[in-house]
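Protein chains: 2
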Amino acid sequence: MDYTLLLNIAMILFSTKLLGLIFQRFNMPQVVGALLAGLVLGPAMLNVLQEDEFISMISELGVIVLMFSAGLETDIKEFKKTGLASLVIAVLGVLVPLLGGFCLTYFMNPVAENDDSMAMLKSMFVGVILTATSVSITVETLKEMGKLNSKAGNAILGAAIIDDVLGIVALTIISSFAVEDVDMVMVMLKIVGFFAFAIVVGFLCFKLFSFYMNHYKKDYRRFVMWAFTFCLIMAWISEILFSVADITGAYIAGLIMSSTNRKEYLAVRFNTLSYMLLSPIFFASIGLKVVLPKMSAGIIIFSVLLTVIAILTKMAGCGVGAKLCRFSNRECLQIGAGMISRGEVALIVADKGAQMGLMDSEIFAPVVIVVIVTTIIAPVILKVVFSERKKAVSQ
Amino acid sequence: MDYTLLLNIAMILFSTKLLGLIFQRFNMPQVVGALLAGLVLGPAMLNVLQEDEFISMISELGVIVLMFSAGLETDIKEFKKTGLASLVIAVLGVLVPLLGGFCLTYFMNPVAENDDSMAMLKSMFVGVILTATSVSITVETLKEMGKLNSKAGNAILGAAIIDDVLGIVALTIISSFAVEDVDMVMVMLKIVGFFAFAIVVGFLCFKLFSFYMNHYKKDYRRFVMWAFTFCLIMAWISEILFSVADITGAYIAGLIMSSTNRKEYLAVRFNTLSYMLLSPIFFASIGLKVVLPKMSAGIIIFSVLLTVIAILTKMAGCGVGAKLCRFSNRECLQIGAGMISRGEVALIVADKGAQMGLMDSEIFAPVVIVVIVTTIIAPVILKVVFSERKKAVSQ
Chain G
-5 MDYTLLLNIA MILFSTKLLG LIFQRFNMPQ VVGALLAGLV LGPAMLNVLQ EDEFISMISE
55 LGVIVLMFSA GLETDIKEFK KTGLASLVIA VLGVLVPLLG GFCLTYFMNP VAENDDSMAM
115 LKSMFVGVIL TATSVSITVE TLKEMGKLNS KAGNAILGAA IIDDVLGIVA LTIISSFAVE
175 DVDMVMVMLK IVGFFAFAIV VGFLCFKLFS FYMNHYKKDY RRFVMWAFTF CLIMAWISEI
235 LFSVADITGA YIAGLIMSST NRKEYLAVRF NTLSYMLLSP IFFASIGLKV VLPKMSAGII
295 IFSVLLTVIA ILTKMAGCGV GAKLCRFSNR ECLQIGAGMI SRGEVALIVA DKGAQMGLMD
355 SEIFAPVVIV VIVTTIIAPV ILKVVFSERK KAVSQ
Chain H
-5 MDYTLLLNIA MILFSTKLLG LIFQRFNMPQ VVGALLAGLV LGPAMLNVLQ EDEFISMISE
55 LGVIVLMFSA GLETDIKEFK KTGLASLVIA VLGVLVPLLG GFCLTYFMNP VAENDDSMAM
115 LKSMFVGVIL TATSVSITVE TLKEMGKLNS KAGNAILGAA IIDDVLGIVA LTIISSFAVE
175 DVDMVMVMLK IVGFFAFAIV VGFLCFKLFS FYMNHYKKDY RRFVMWAFTF CLIMAWISEI
235 LFSVADITGA YIAGLIMSST NRKEYLAVRF NTLSYMLLSP IFFASIGLKV VLPKMSAGII
295 IFSVLLTVIA ILTKMAGCGV GAKLCRFSNR ECLQIGAGMI SRGEVALIVA DKGAQMGLMD
355 SEIFAPVVIV VIVTTIIAPV ILKVVFSERK KAVSQ
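Protein sequence lines correspond, in order, to chains G and H.
Taking our numbering, the leading residue of the first sequence gets -5, the next gets one more, and so forth.
Taking our numbering, the leading residue of the second sequence gets -5, the next gets one more, and so forth.
Keep in mind that the hints are not guaranteed to be accurate.
Intra- or inter-copy, both count: the list cannot distinguish identical chains.
Claimed, not checked - In silico DSS-like pairs for lysine-lysine, Cα to Cα no more than 27 Å straight-line: (1) K317 with K212; (2) K257 with K141; (3) K212 with K257; (4) K184 with K145; (5) K211 with K346; (6) K74 with K346; (7) K212 with K377; (8) K75 with K288; (9) K201 with K257; (10) K75 with K211; (11) K212 with K141; (12) K288 with K211; (13) K184 with K317; (14) K288 with K74; (15) K145 with K75; (16) K346 with K377; (17) K75 with K212; (18) K145 with K211; (19) K71 with K288; (20) K145 with K346.
No wet-lab data here; the hints were simulated from the structure.
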């Protein structure tokens, strides 16, 4: 038993909350503070804390519980209403950044690739990286502001799920150019299978839970435990059986539980579990991952441009998508802002690209910078575009 | 990232709660079910789950939070009142099992040791193993029954802390016979230092927290986070600086926080964190540790006798101690029962003995059996000696 663990957790809990409160004082979301806490403690600055197995596992559990809670707090009727809009937003939110990333990389050619078809493929891959959306930061920010269950909030959540699926499709298509044994049909079948599974199992489990819970007059801890088990199993099945992100499964599990009559009871407990231990470690771990390599001047310029492109194309794509679906200008801005954050998803995609030879090592630093900047800036922009009157939530 | 983790956690949460509810139906504590869940899933039976790094770390965190909660729910005035009694109970609760374990082993001589002085030393070591007390199971059982803050409950908690310290002293003394470089003076100084530290820091932190919390009219999440940080740091300092068990530090931290005016607010949150994730994993992990080796007939008989001696001597020692301090007969029984469980503490001591050559490998199986039986039987006996009228607590 390594007791340093206790000290590490103490450091994370203390610093994320302290920086969170400081940022709140300056009218910014607390989650920005939590992200910076990881950045400060980690290899990027003080280097007193490194991400280890334990932290990364707790983080995974943390993001699963966060997305389950988001599902719990979603109004499923609202969610269904925004379904088509979410699809349009997601599709444009994938296409515009894909195009933007491709054009920038192809015309700047930062790694001086001579082979033109390879240059096109590699540039396209940078585009694919930019399509990723990491919704967890947005969820936390909106929760903090009490805006998660707004019309724009629902559209963002729906679009993020579809974005995840489109991301898999885009990655599969580009992989099929580089690697021989990618089976497009299989991937498509899995995705269709996942949605069929989610609908059928979702309906059955909803009926089962409703029947079970209606049996009792009082609230019991067992409801929480069965719901948690359900959440974990859905996350696991999504990832292992259907190759869809585990957090998508967790979100759907939350969505299913949100229709039961114990929604409030569950939400309070999962929120407590989340803010006391899992979320602080998850948000700090994002900062802990950051290691900045040395970069040439050309790569620095490329990084800056790529970051700008990443933010603008996502906002433009999603915003225009929302506008087409008759959202108000303000809501278009909110939705665009909610999809900016790339988070760990972009890093995972980049990693797969490197394995397939579609990512040069020089491109890693720009991608890391895009992830850091979009992740930290997203909650700040969200705060600006969502804030009207102040709504105090006890933190 | 190994996604099997999600499935493993789901299995633990589901099985501990399910078996817990089944045991509750038969009027037994839920924690017995949780312990058996680990036994069933683990290497002892189905072998679908093994204890890994993650589970053992979460377990450590779980027992720390459990003891912190116990501290939070302790009535510090009651606790001070039972101080002297706890000392008497702990001393007799160490001496009687020490003698019992020594006599049984020396006269049965199960490993046929020829060297008489070595036989005495080894027998004494078995006695030292029997002095250990693992209070976590008792805490959980009493919590379930709403009896943690009874007079007997306070006496048990106090005695368990002193028992921990006496255990260190006993281990140090016997080690000094076997190993050259054991510094008795240093160990004593550390123990005195620990109590001085606990009193001084305890008082200062109590003042600091009280001042800080009185500043706010409402309850805030930050109270929970600062309290958690404090708990973890106290646990770490106890273990690393003073070689006292981390859970003792956590308990003292809880005791300090129990005097602030946010005791209830904190208790609810820590209980939620505990029952949703940490405790189930902790209790299951105890069962997961169980691996029964092959045993000869002589060792089996020795195991049975050692288990009986372990239960009777602890109950007798603590019971007589309580009687000397004018507890009622019923309370004596309750206190004796509350100290039976040996839990992981005995295994840790046994492990140290093996490193020093004071434990033959044949003795490991009997020790494991003592731990399993005392741990599973303790909550059952507690339920019997504590139950009068039923008190329903929502689980």
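To see whether the hints hold, each was checked on the structure:
no.: 1; hint: K317 with K212; result: neither (45 Å within a copy, 42 Å between copies)
no.: 2; hint: K257 with K141; result: within (18 Å within a copy, 31 Å between copies)
no.: 3; hint: K212 with K257; result: both (14 Å within a copy, 25 Å between copies)
no.: 4; hint: K184 with K145; result: neither (30 Å within a copy, 61 Å between copies)
no.: 5; hint: K211 with K346; result: neither (50 Å within a copy, 52 Å between copies)
no.: 6; hint: K74 with K346; result: neither (33 Å within a copy, 61 Å between copies)
no.: 7; hint: K212 with K377; result: between (38 Å within a copy, 24 Å between copies)
no.: 8; hint: K75 with K288; result: neither (48 Å within a copy, 64 Å between copies)
no.: 9; hint: K201 with K257; result: within (14 Å within a copy, 39 Å between copies)
no.: 10; hint: K75 with K211; result: neither (32 Å within a copy, 41 Å between copies)
no.: 11; hint: K212 with K141; result: between (30 Å within a copy, 22 Å between copies)
no.: 12; hint: K288 with K211; result: neither (62 Å within a copy, 50 Å between copies)
no.: 13; hint: K184 with K317; result: neither (31 Å within a copy, 69 Å between copies)
no.: 14; hint: K288 with K74; result: neither (47 Å within a copy, 60 Å between copies)
no.: 15; hint: K145 with K75; result: within (9 Å within a copy, 59 Å between copies)
no.: 16; hint: K346 with K377; result: neither (33 Å within a copy, 56 Å between copies)
no.: 17; hint: K75 with K212; result: neither (32 Å within a copy, 38 Å between copies)
no.: 18; hint: K145 with K211; result: neither (33 Å within a copy, 34 Å between copies)
no.: 19; hint: K71 with K288; result: neither (50 Å within a copy, 60 Å between copies)
no.: 20; hint: K145 with K346; result: neither (35 Å within a copy, 61 Å between copies)
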